[in-house]
Amino acid sequence: MIEVVISALVLASMYGLIAIGISLTWASIGMLNLAQGFIFTAGGYTAWLYAQYAEGWGLEGVGLSAGVLIFGMLGSALAGLFVGAIAFLPLQDRDNFRTRSLIATLAISLIGTQIWLILFGPQNKPLPPVFGEGRIEIGPAGMSYQQLGTIIVASVMLALVILWMRSSRRGLQMRAMMMDPLGAAVVGVSVRSTGMRVLAISGALTGLSSVLLAQVFFVSPTSGVQPLTTGLIISLAGGLGSIPGTVAAAGLIGLAEALTARYLQQSLVPFVLFAIVVLILIFRPRGLGGLLEDVRE
Amino acid sequence: MAILEIEGLSAGYGPVRVLHDLSLTIEPGERLGLVGLNGHGKTTFLSAIVGLTGWQDGSVLFRGEQIGGRRTHGMGRKTPQIVRRGIALAPQGDAIFPGLSVRENLDSGAYTGATWRSRRKRRERILEVFPPLAPLLGQTAGTLSGGERRMVSVGRALMSDASLYLVDEPSLGLAPKISLNLVAALLEIDLGDGAMIIAEQNLPLIEGRVDRVLGMHAGDLKLDVGEALGDVPPAAGVHL
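Here the protein sequences line up with chains H and A, keeping their order.
So for the first sequence, the working numbering puts the first residue at 1; every next one is plus one.
So for the second sequence, the working numbering puts the first residue at 1; every next one is plus one.
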C-alpha cells in the first residue's frame, strides 16, 4: 500500500507540473496549449544534448545533475516562448483567438514531432540519473532516490512558483490578468508581455517534468504525447486556472493511475483517468477548483 | 500646456460608429462633468482616450504627446502603454479582480513604475478617502457589495500616479447615499496640476460642483446639457 502511495506521489509530481503549466496558460491568455507536448520534448532533448557535452567534459555528480535539470527547464522555456511567438502574439487580438490558437498549437505539436524525428532520429535517448542510484528503506517499504528526488524537486519548484505568484508584483499582475483582462489593461498590465512570461514559466515547469519523467522513460520524438494527455486530464479535472484545484487533481489522478496499474492493469490507466475526469465534469463543471475557491462571480 | 487635447475623434466597434468627430481641450486642474443618457457614447469616449475601443481615428494629445491616431483593430493593445503615461480609468462594470483581496486590488493600481514602492502610503490615502474599505482590506474582492466594489475600482484608479483621472458612472447602480459620498470624495481630491473627467447620468450629483459640465448626445459633445439629457426634465430624469 505504501508503495502505491509513493508511486502516486511521484506520478502526481511529474504530471502536476505539466498540468499547472497548461492551467496557467489557459487562465491567463485563454490558450489551450496543445503544443505542451512539443515543449516537453524540447526540454528533454536540450537536457540530453547538455548531458552529451557535459559527459564529454568529464562532468559528473551534482554539476551534471543540476545542469540536466536547469537545461531541461531552459530548453522548454525557450520552446514555450517560441510557441508564443507563433500561436499567441500574432493571433492574440483577432476574433476567435481561442480556436485559432488551439489549431496553431496543434499544428506546432504535429510538426514538432517530425522536426525532432529529423533532428534526433527515432532512437530513444536516455538521460543520466539525476538523483543517483540507490534506495532508502522506510519501515516495511522503501523508495528509490529517484522517486524521493522527483517528489522533493517538484514540490519545491511548485512552492516557489506559488510563492512568487502570491508575493511579487509580476505574480500579482499574472493573477490579475487571469481574473480580468480588461481590468489588467486598465492598470497597465500588458497582456502580450505578461502572456509571454506565463508561457516561459509554464514551459520551465514542463521542462522540469520532462527531465523527471526521463528518469524512468526515455526522450523520444513522441515522448511528449502521453504527458500532454495526462496533463490535460489533470488540468481539466482541477478546473482550468485554479492552482489548488490542479494540485488536488494531480494527487487524485496520480493515485488513480497508481492503483489501476498495481491492482488492475497498466493498459487500463487511460480508461480510468478519462472516466474520472468525465465524472468530475458532470458533477462539478468547474472542476475541483470550484470546490476550493470562495470566489463569487 | 493642456492636459488633454482631442481633435476630430471618431470611434466605434465594428460597423457601429459611436463617436462622431468630436473635439475637447482640458486644462490642468480642471474637473469636467460629462452627462448624457445611456448609449450616447460617454463610456466609449472615456475608452477611446485609453485606446479601448474597437477602432478609432483622430488626434488625442495627452500633455502634448500623441496617444490617439488611426487604429482599425487591436482593441486595448496600446492601453497599458497609455495608462503608464499617467491616465487612470475607473471603468464601467468596475473590472476589479474578484479572486484578489481588497488590498491586492488597490495595490494593482500602483503597478506602474515607481509608484509600486510607495504603495503603502498611497493605500493609506485611499483609506482616508474611502474609510469603509479599511476593515475589508484582507477580504476577497469577489465577496464585496456593489458599493464596496465601486470604491475599490475608483480607489484603484486613484492609487496610480496619474495626471488624468477618468471615472465612468460613479453612481451607477448604487444607493443614493453611497453615490453621494463617492462623488463627494471624487470632488474633494486634490488634483494638483492634473485633471479629472467624471461621466455621470445623474446631473444633480455633479452640477455646480465641477468646473465645467458638457452634455453628450448621439456621440457628440454639447455645451447645452439639457439637450443631452433629452426632453425629460432633469427632475424627473434622475433618481435622487
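Please note: incorrect hints may appear among the correct ones.
[As the list claims (entries may be wrong)] Here are the simulated distance ranges between beta carbons:
1) PHE274(H) - ARG70(A): 49 to 57 Å
2) ALA114(A) - ARG262(H): 56 to 64 Å
3) ARG70(A) - ASN96(H): 21 to 29 Å
4) ALA134(A) - TYR53(H): 37 to 45 Å
5) PRO204(A) - TRP164(H): 48 to 56 Å
6) GLY64(A) - ARG284(H): 25 to 33 Å
7) ARG17(A) - SER193(H): 26 to 34 Å
8) GLU27(A) - ALA159(H): 38 to 46 Å
9) GLU65(A) - ARG170(H): 22 to 30 Å
10) ILE282(H) - GLY64(A): 34 to 42 Å
11) ASN38(A) - GLN226(H): 48 to 56 Å
Since the hints were made in silico from the structure, they are not lab data.
Because the structure is a prediction, the values reported are computed rather than measured.
For glycine and all other residues, C-beta sits at the position ideal for the given N, C-alpha and C.
Against the structure, the hints come out as follows:
{"no.": "1", "hint": "PHE274(H) - ARG70(A): 49 to 57 Å", "in the structure": "holds, 51 Å"}
{"no.": "2", "hint": "ALA114(A) - ARG262(H): 56 to 64 Å", "in the structure": "holds, 57 Å"}
{"no.": "3", "hint": "ARG70(A) - ASN96(H): 21 to 29 Å", "in the structure": "holds, 25 Å"}
{"no.": "4", "hint": "ALA134(A) - TYR53(H): 37 to 45 Å", "in the structure": "violated, 59 Å"}
{"no.": "5", "hint": "PRO204(A) - TRP164(H): 48 to 56 Å", "in the structure": "holds, 49 Å"}
{"no.": "6", "hint": "GLY64(A) - ARG284(H): 25 to 33 Å", "in the structure": "violated, 55 Å"}
{"no.": "7", "hint": "ARG17(A) - SER193(H): 26 to 34 Å", "in the structure": "holds, 32 Å"}
{"no.": "8", "hint": "GLU27(A) - ALA159(H): 38 to 46 Å", "in the structure": "violated, 53 Å"}
{"no.": "9", "hint": "GLU65(A) - ARG170(H): 22 to 30 Å", "in the structure": "holds, 27 Å"}
{"no.": "10", "hint": "ILE282(H) - GLY64(A): 34 to 42 Å", "in the structure": "violated, 59 Å"}
{"no.": "11", "hint": "ASN38(A) - GLN226(H): 48 to 56 Å", "in the structure": "holds, 54 Å"}
Hint compliance for this structure: hints 4, 6, 8, 10 are not met, and every other hint is.
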